[in-house]
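Here the protein sequences line up with chains A and B, keeping their order.
Its first residue numbered 1, the first sequence is counted upward by one per residue in the numbering used here.
Its first residue numbered 1001, the second sequence is counted upward by one per residue in the numbering used here.
A couple of the hints might just be wrong.
Unchecked claim - Only some residues are given here: those of chain A computed to face chain B with a beta carbon under 10 Å:
| # | residue |
| --- | --- |
| 1 | Q41 |
| 2 | I51 |
| 3 | L90 |
| 4 | A92 |
Derived from the structure by calculation, the hints contain no laboratory data.
The beta carbon of each residue, even a glycine, is placed where N, CA and C say it ideally should be.
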Amino acid sequence: DGGITQSPKYLFRKEGQNVTLSCEQNLNHDAMYWYRQDPGQGLRLIYYSQIVNDFQKGDIAEGYSVSREKKESFPLTVTSAQKNPTAFYLCASSPLELGHSGANVLTFGAGSRLTVL
Amino acid sequence: EDQVTQSPEALRLQEGESSSLNCSYTVSGLRGLFWYRQDPGKGPEFLFTLYSAGEEKEKERLKATLTKKESFLHITAPKPEDSATYLCAVQAPGNQFYFGTGTSLTVIP
């Protein structure tokens, strides 16, 4: 079955540590996204990528970094510069080409919950 | 400014008590409006895409409708397993997506 796999599901970080969240998709989608979800807030875009070796900052990119070395993979690193990293992180992907009616459906992974100790 | 507002924030229904969730949006050049279901601790699951005003889509007890300014997710005779958070999102030109904060639905047996 095609889908998006995020790992780990739960992650704990100590102050000053960098951690990396994995995101792998086998949907052959060109576009991939990282969102952060906090209680009472809508999903906020961290980074997105439309092609290998290229990515753009979203609304809350500070303290995060990404890479896109393969079409299937889009890992997110939460650096020590991110002051409030405790959150639920969602990876998503979509086709780059617009659907027949001009829209794309985002497919999400199961999420990774990061807690700072 | 492009934005999406969902109401109510939370909704408690008795089993079988029908109701509607609202998603109001402001976006230039709407490409599509999406409804997702999200269970606690899981990723959003796609439900519907609506593309133009007047469009309606149905799936089991759910029916989504779209006007030029808002969308409704109607839930008919809900069951406890319909309890979840329902997210609304819009796609603008440039592959930009905007999400609402969601409506948390609880259906009581």
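>> For the restraint on I51 of chain A, tell me whether the closest CB of chain B is nearer than 10 Å.
In response: Because about 12 Å separates I51 of chain A from the closest Cβ in chain B, which is outside the 10 Å limit, the hint is violated.
> Does A92 of chain A pass the interface check with chain B, least Cβ-Cβ distance below 10 Å?
Replying inline: holds, 8 Å
>> Is the interface hint satisfied for Q41 of chain A? The criterion is a beta-carbon contact with chain B at less than 10 Å.
In response: holds, 6 Å
> Minimum Cβ distance from L90 of chain A to chain B below 10 Å?
Replying inline: Result: holds, 6 Å to nearest chain B Cβ.
Going through the hint list in order, the structure does not satisfy hint 2, though it satisfies all others.
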